[in-house]
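One letter stands for each residue in the lines below.
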Amino acid sequence: MEHVSPFDLNTALRLWLEQLGQSPQVKAENLKELESHVCDSVTRLQTKGLSSEESFLVATHRVGSPAKLEPEFAKVNRNPLNKILHGLILIIFSVGCWLLWAILHLPVMMGVAMHGRTPPAFTQFVVGCGAYLAAPPLLAAGYCLYVWTRKPGRENSWVGFFATTMALLFFTTLPTLIAILLPIIQFMNLATPK
Amino acid sequence: MLSKELVAASTVPLVLSVLTQGESYGYELIQRVRELSGGRIEWTEGMLYPVLHWMEEEELIESEWREAETGRKRKYYRLRKDGRKALHEEKQQWLSVHDTLTKLWNTYPRST
Numbered sequence: 001m002e003h004v005s006p007f008d009l010n011t012a013l014r015l016w017l018e019q020l021g022q023s024p025q026v027k028a029e030n031l032k033e034l035e036s037h038v039c040d041s042v043t044r045l046q047t048k049g050l051s052s053e054e055s056f057l058v059a060t061h062r063v064g065s066p067a068k069l070e071p072e073f074a075k076v077n078r079n080p081l082n083k084i085l086h087g088l089i090l091i092i093f094s095v096g097c098w099l100l101w102a103i104l105h106l107p108v109m110m111g112v113a114m115h116g117r118t119p120p121a122f123t124q125f126v127v128g129c130g131a132y133l134a135a136p137p138l139l140a141a142g143y144c145l146y147v148w149t150r151k152p153g154r155e156n157s158w159v160g161f162f163a164t165t166m167a168l169l170f171f172t173t174l175p176t177l178i179a180i181l182l183p184i185i186q187f188m189n190l191a192t193p194k
Numbered sequence: 001m002l003s004k005e006l007v008a009a010s011t012v013p014l015v016l017s018v019l020t021q022g023e024s025y026g027y028e029l030i031q032r033v034r035e036l037s038g039g040r041i042e043w044t045e046g047m048l049y050p051v052l053h054w055m056e057e058e059e060l061i062e063s064e065w066r067e068a069e070t071g072r073k074r075k076y077y078r079l080r081k082d083g084r085k086a087l088h089e090e091k092q093q094w095l096s097v098h099d100t101l102t103k104l105w106n107t108y109p110r111s112t
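Order-wise, the sequence lines are chains A and B.
Position 64 (the first sequence) corresponds to 64 in my numbering; numbering is contiguous.
Position 81 (the second sequence) corresponds to 81 in my numbering; numbering is contiguous.
By construction, these hints were calculated from the structure, which means they are not laboratory data.
These numbers come from a predicted model, not from an experiment.
Glycine included, every Cβ here is placed at the ideal spot set by N, Cα and C.
Careful: at least some of the hints might be erroneous.
Said to hold, decoys possible - Derived Cβ-Cβ restraints for the label pairs, each shown as a range: (1) A:54 - B:71: 22 to 28 Å; (2) B:59 - A:21: 26 to 32 Å; (3) B:93 - A:85: 36 to 42 Å; (4) A:173 - B:4: 50 to 56 Å; (5) B:2 - A:50: 24 to 30 Å; (6) A:173 - B:76: 55 to 61 Å.
Stated by the list, open to error - Simulated pairs of lysine-lysine, DSS-like, Cα-Cα distance not exceeding 27 Å: (7) B:103 - B:4; (8) A:83 - A:68; (9) B:91 - B:4; (10) A:32 - B:75; (11) B:103 - B:91; (12) B:75 - B:85; (13) B:73 - A:27; (14) A:32 - A:48; (15) B:81 - B:91; (16) A:75 - A:27; (17) A:83 - A:27; (18) A:68 - A:32; (19) A:75 - B:73; (20) A:68 - B:73; (21) A:32 - A:83; (22) A:48 - B:75; (23) B:4 - B:85; (24) B:73 - A:48; (25) B:73 - A:32; (26) A:68 - B:4; (27) B:91 - A:75; (28) B:4 - A:27; (29) A:75 - B:85; (30) A:32 - A:75; (31) A:68 - B:75; (32) A:75 - B:103; (33) A:75 - B:81; (34) A:27 - A:68; (35) B:75 - A:27; (36) A:75 - B:75.
Unchecked claim - Derived list of chain A stretches under chain B, where covered just means 3 residues or more per stretch with a C-beta under 8 Å from a C-beta of chain B: (37) 31-41; (38) 156-163.
Produce the entire structure from the sequences given, and follow the hints as far as they go.
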């Protein structure tokens with residue numbers, strides 16, 4: 001004769017919660033609240049004459065399947081990874097801007113090495129603009145603050161932030177490289193013995 | 001039974017309205033709405049909790065974990081000032097829809 005193990009409500013509830021808790025979208029507090037809900041529901045159904053197994057099945061069915069619940073919880077439980085990635089991008093972008101600012105001091109140093117000869121006009125223009133390199137990281141930091149303090153459900157993707165900052169860095173690097181290459185060429189021309 | 005879309009749209013005003021009668025917890029909120037609607041409004045019960053948490057983030061309601069008479073812990077929700085304001089706005093909007101439909105159905109009763 002087949003042995004049928006008696007239904008244990010606590011075990012069934014624990015297994016159900018474990019299954020639901022596998023999703024990273026469902027937080028421990030959500031599980032605690034759903035547990036309390038199922039317990040209330042089971043108690044009520046038992047008073048209507050259902051067995052504990054039947055009550056549990058009906059109660060969990062009414063709560064909904066994990067597949068249905070996960071996307072709903074994901075809307076309110078923000079993924080911390082998005083915030084971390086915004087922070088990392090901000091650091092990379094700020095360091096990149098600082099490096100460009102540092103590189104822009106090279107033509108000035110080379111001007112000294114060239115015994116006071118003035119660098120090319122384009123270099124002078126780019127070096128003059130170098131002072132404004134502090135503005136993009138400040139703007140990016142302001143945007144990150146906005147993203148970090150924003151209410152859930154309205155998450156800004158890090159991809160857009162990454163694309164914007166990297167494009168800005170790329171288009172700032174190009175004139176900077178040209179600006180420092182011009183006086184190097186000039187310096188080499190002067191240094192070459194005729 | 002109400003359509004899924006209408007049930008979803010009415011969740012926030014229903015929760016706010018039930019909470020005007022005093023604090024409550026998830027299971028009780030569902031039971032109250034089921035009872036008042038005569039079973040016509042049926043929520044997928046688990047779906048209510050993300051909505052409650054969203055309402056909490058929006059500062060419409062606040063919550064507190066407390067021990068119930070059964071000895072189990074329950075999360076009780078209550079209305080906040082912004083929640084009362086939101087409910088007032090929701091009420092105006094739902095009444096506008098109701099008034100418009102009532103006028104239309106009274107003017108053109110045969111089409112309904």
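Evaluated hints:
no.	hint	verdict
1	A:54 - B:71: 22 to 28 Å	holds, 24 Å
2	B:59 - A:21: 26 to 32 Å	holds, 28 Å
3	B:93 - A:85: 36 to 42 Å	holds, 38 Å
4	A:173 - B:4: 50 to 56 Å	holds, 52 Å
5	B:2 - A:50: 24 to 30 Å	holds, 26 Å
6	A:173 - B:76: 55 to 61 Å	holds, 57 Å
7	B:103 - B:4	holds, 25 Å
8	A:83 - A:68	holds, 26 Å
9	B:91 - B:4	holds, 20 Å
10	A:32 - B:75	holds, 9 Å
11	B:103 - B:91	holds, 18 Å
12	B:75 - B:85	holds, 23 Å
13	B:73 - A:27	holds, 17 Å
14	A:32 - A:48	holds, 25 Å
15	B:81 - B:91	holds, 15 Å
16	A:75 - A:27	holds, 12 Å
17	A:83 - A:27	holds, 18 Å
18	A:68 - A:32	holds, 18 Å
19	A:75 - B:73	holds, 25 Å
20	A:68 - B:73	holds, 25 Å
21	A:32 - A:83	holds, 26 Å
22	A:48 - B:75	holds, 25 Å
23	B:4 - B:85	holds, 26 Å
24	B:73 - A:48	holds, 23 Å
25	B:73 - A:32	holds, 9 Å
26	A:68 - B:4	holds, 14 Å
27	B:91 - A:75	holds, 26 Å
28	B:4 - A:27	holds, 26 Å
29	A:75 - B:85	holds, 24 Å
30	A:32 - A:75	holds, 18 Å
31	A:68 - B:75	holds, 22 Å
32	A:75 - B:103	violated, 38 Å
33	A:75 - B:81	holds, 24 Å
34	A:27 - A:68	holds, 15 Å
35	B:75 - A:27	holds, 15 Å
36	A:75 - B:75	holds, 20 Å
37	31-41	holds (count 8)
38	156-163	violated (count 0)
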